[in-house]
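Q: Spelled out, the chains give:
There are 4 protein chains.
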Amino acid sequence: MLSFECDYNRGAHPKILKQLVETNEEPLGGYGADKYCVMAKEKILKHCENPEAEVHFLTGGTQTNQIVIDSLLTKYQGVIAAETGHVSLHEAGAIEFTGHKVITLPQREGKLSAETVKKYLEDFYSDENYEHMVFPGMVYISHPTEYGTLYSLNELEELSCLCRSYEIPLYMDGARLGYGLAARETDVTLPDIARLLDVFYIGGTKVGALCGEAVVFTHRNTPKHFLTTIKQHGALLAKGRLLGVQFDTLFTDNLYMEISRNAIETAEELKRIFREKGYRFFIDSPTNQIFIALENEKMENLKRQVKFSFWEKEDLERTVVRFATSWATTMEEIEELGRIL
Amino acid sequence: MLSFECDYNRGAHPKILKQLVETNEEPLGGYGADKYCVMAKEKILKHCENPEAEVHFLTGGTQTNQIVIDSLLTKYQGVIAAETGHVSLHEAGAIEFTGHKVITLPQREGKLSAETVKKYLEDFYSDENYEHMVFPGMVYISHPTEYGTLYSLNELEELSCLCRSYEIPLYMDGARLGYGLAARETDVTLPDIARLLDVFYIGGTKVGALCGEAVVFTHRNTPKHFLTTIKQHGALLAKGRLLGVQFDTLFTDNLYMEISRNAIETAEELKRIFREKGYRFFIDSPTNQIFIALENEKMENLKRQVKFSFWEKEDLERTVVRFATSWATTMEEIEELGRIL
Amino acid sequence: MLSFECDYNRGAHPKILKQLVETNEEPLGGYGADKYCVMAKEKILKHCENPEAEVHFLTGGTQTNQIVIDSLLTKYQGVIAAETGHVSLHEAGAIEFTGHKVITLPQREGKLSAETVKKYLEDFYSDENYEHMVFPGMVYISHPTEYGTLYSLNELEELSCLCRSYEIPLYMDGARLGYGLAARETDVTLPDIARLLDVFYIGGTKVGALCGEAVVFTHRNTPKHFLTTIKQHGALLAKGRLLGVQFDTLFTDNLYMEISRNAIETAEELKRIFREKGYRFFIDSPTNQIFIALENEKMENLKRQVKFSFWEKEDLERTVVRFATSWATTMEEIEELGRIL
Amino acid sequence: MLSFECDYNRGAHPKILKQLVETNEEPLGGYGADKYCVMAKEKILKHCENPEAEVHFLTGGTQTNQIVIDSLLTKYQGVIAAETGHVSLHEAGAIEFTGHKVITLPQREGKLSAETVKKYLEDFYSDENYEHMVFPGMVYISHPTEYGTLYSLNELEELSCLCRSYEIPLYMDGARLGYGLAARETDVTLPDIARLLDVFYIGGTKVGALCGEAVVFTHRNTPKHFLTTIKQHGALLAKGRLLGVQFDTLFTDNLYMEISRNAIETAEELKRIFREKGYRFFIDSPTNQIFIALENEKMENLKRQVKFSFWEKEDLERTVVRFATSWATTMEEIEELGRIL
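Chains as they are written, first to last, in our numbering: chain A, 1 to 341; chain B, 1 to 341; chain C, 1 to 341; chain D, 1 to 341.
Since the hints were derived computationally from the structure, they do not count as laboratory data.
Here the structure is a predicted model, which is why all the values come from computation and not from measurement.
Among the clues, some could well be false.
Identical copies carry no separate label here, and so any pair may be met within one copy or between two of them.
[Unchecked claim] 16 Å max Cα-Cα, derived EDC-like pairs, lysine to aspartate or glutamate:
| no. | residue 1 | residue 2 |
| --- | --- | --- |
| 1 | K307 | E333 |
| 2 | K307 | E26 |
| 3 | K119 | E314 |
| 4 | K313 | D127 |
| 5 | K118 | E26 |
| 6 | K303 | E115 |
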């Protein structure tokens, strides 16, 4: 059956597997000190065009969010996020597990505006009782968001400027960062992100790797003894090479951007088909996630021929569903889906 | 200056101090095993008319909320509360500190409706991805609420019925429970609460005691080794007598209810005066907290003669402020405030 | 029955109760901002002879240990303590509850030596794998110790010097500090402690108060937003006056030292009697706790006439028990105990 | 340079990589629900000969210890471990991070005896103050231990019987379980372990996999909503196939046992060489870790030609070092090391 339910249903890009095979026999040091980790970090930093930045590898997205947030917040601080943020809703309380509140603010199309955050911070510090509340110690955004939308360069600049004026870090969850950077409509580049954010991660799991996320601290702000913190959270891989080799491959010959573009191109073709066939878009997403409102009967019929994912009920008769393309989606699959639709 | 800013600005009821003095010389066992704790528990249980109930004493409200919630939730569960709930906003993240999310739902006049909670629970369990989310493991309500409002017996019955059908405990924060029970409009009694709630606390700090809250588990459902949990949270008093003597006094000769009524009577007289003088009520509260919307200039003038507390800005020109009466407020103070108003 | 099982079996010193009664009617601000808290802090600081010091009030000993340790450690650090330390054994895991390991080291008569700690720190930092271990971030000592013994000035100076060279705070649990300062053999004064320690607390619960401990940070090193941390731990009393009034009384006219001396004098008389009657001391304690090794049959007989506390089994036939005097013990009680012995 | 410093310095067994390549294109569901996970679990259960058992996959050893221990303990319990246990010393406080104390007991050659544990449990429950202490809620052992030693069947039976009589789970850290099962001296089989332990894990990271550990709950005792707990700890892999494919391969055609034997055979040959050349063994280990006491000068010389790991200083002139073989060590490497020695 056709499979459009998510962007992590295939293994890894063949070049990654090839490199895992080729380096397999080499004896390498553990815990991320091997040469592939070193090379991967150098290549990522080159793409970031930020000589002050530092890179660390972790295994998955929730793990990365938990560790980055917990390591940057003091114990009495919480993290600001959109109500629809992944850390707010879909991480099984991984942030609260480490003692921190997720302070949720209203969003628009999955995005937090500088204005919304500013109002919250101003109100917080003008409240007489603020010492009895959770201190806002960080701002979390995702890019692309959970709705596939993107921040503009201007929006990121405003958020960055605001956070710096309050001296709290701005953190970007980049689980699908490649797809954001490859989108046609975006005016945001990786060097922009490495300049405006205090910390972000470049998602591997959803962009060609078997697992792995590359965390970038952008101005020598890696928390002290970060390796110990990673270990304390149960997240330190003995064979760090598994992450090093993958990211070294992804950042060789621009592979990461190249395969990201494939997701965008197949998504655009799929959107064209949806439009052509008169489907209604729930939201206008410029990346690899397409949200369609379907009548329930139509949805049940489709389900028998293609996998997609449930998003939310729109009303009693209509359901919002998501189709996701990825680095691995082929135009043949899109055509076949077109025939079904 | 007149002092209406809160209901904890006096010491203790004189009978409590008298009893502390009279029992002072007796050598008593520590950690809540003394005879005054035993007597106080018996008296409270008699007032609850529930032979299955069990009582424990703690020192303050946030501490009680933290310990009750942490001890009843499994590690992957969170607690449902109104957006305006004390645990959501004004406890410095004490719930998240123990690893649990506060799942906030919309409220009306500070209250959670069974309908709102039911919809949340139904949606949660019908979401395909619910295992990736925080399990709702408990419902927290406050009575009176943070806005001084009260649940009706019918509303409590609906919440109780709902929670029991989902097998999650219903917990009542009774920091000001006396004032709720003494309100003229209420149809809810202490035995009702001890029947419908799974756990609740009878507030002492705000109703005549120097400190202390009496937690009631209503059906032999005290968590196993609760004393160890209290100690682990840093909340076990060596001289448990301090709490035992106070609650023994409060529940002798109906003192708790009697002094609670004083707060209601003085609040009613104060509301009469506010109404008479044309002040605008922000919310209609039947208990000891009165919320008034003031023009900012008026507020600044008043501030010089009487203490009250800031609640929130209504708009650029008006502010909502709170006047609180208590067990210790005298009619003379109300009259004097009347002259100022 | 005579009661020598602990030093917290009476209420409060009568002067404290008198002052609670006299200040009871005054309306006072909450959360430790009242004038009695302010006055008490000033008096304590005067006794400390350290103008850089800052004082905060908490309710009990385990609570204080938990909050001080958690607020001074970074998340990946643990606290070094003697194997017999109160935080290691008798606080129900309150330190681990906040995520920190108690790193236990060998002790002698309840005391940690600078030499033992130094060796641990040296070994730790010379281990290639130290980043995979818990960082030692603080040293905890108790004075008097759990065995009633005392550090000499020289021992404290060595520990202080060592900790400062490693830039980790030295913390003293002073649950019974008064009895340590009042001991005849000691060469350590309160100003010494306020100079050599980074943080310590002056115990109230076991020295004349109903509850309460005064935490002293000795060089403007109170953790940022400490009030929020206290609240987050569920430890902020609404009626801070309860602690302020008590410590204000204890530090007026040298009451704290005066009542501490009573415990020492009665303990000395009791020790004289034990010696005279040929009892065997398990350890030589210069403060208010007396450890006696008894044959089991003898112990059972005594139990019927006087309360004391079980300490440990020495062998199959002998048990170590503890007799404690306190600020409230009278010479008449000692004499009566003498007759029983 | 020759590399004997650990057993995780190579990639994966070639059959694993081959299978990753061959299954790479298949679209598979996420989070461990794919067919390779299902097949791998079935094969493992068959090897366990225990139809009541259940299997879950995690990524690394510290993560597995943290999650298993945290999910089985109630909040006020700690885990008993040997002083030399991995969870006690080398996991950066990952257990305390989740709020649980590691209760350390004396060991012999890395092993905990039933007698030692029994004495601790008896003493604990006979202490009057046990409610003020951390409840022992679980026993952790490692097999092979951190010193490469093994429990006998009789020792495991005694521990199992003891734990069952106290109703606390017995947990085995099997990071190197294959090497334990393949040892010549052992009388313990996988079905024995799956019968006597309540939970254990079969280590993949150190026995042929790139990453991955298979947790086995032996009697339908998987904690409720374990997937949510895994996610909450940041440990749920989106591409569960990475673990499923690896363990499916390891448990096909007995590969896991076969490659484990290689480590034993090469270790035996290496031990023969050490003995022949007159080296002194620090401990007699029957598995793949060999501990040798070297004079410091000798050690420095060796270091230039072969990698091994520092264990501990024996005295001022001698150091204990560890040589580890693995599933990937060749007899040629052993011979070459022989020439160097």
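Q: With reference to the structure, classify each hint as holding or not holding.
A: Outcome of the hint check:
| no. | hint | result |
| --- | --- | --- |
| 1 | K307 <-> E333 | within (12 Å within a copy, 51 Å between copies) |
| 2 | K307 <-> E26 | between (40 Å within a copy, 14 Å between copies) |
| 3 | K119 <-> E314 | between (30 Å within a copy, 15 Å between copies) |
| 4 | K313 <-> D127 | between (38 Å within a copy, 10 Å between copies) |
| 5 | K118 <-> E26 | neither (52 Å within a copy, 41 Å between copies) |
| 6 | K303 <-> E115 | neither (41 Å within a copy, 32 Å between copies) |
Violated hints for the displayed structure, listed by number in ascending order: 5 and 6.
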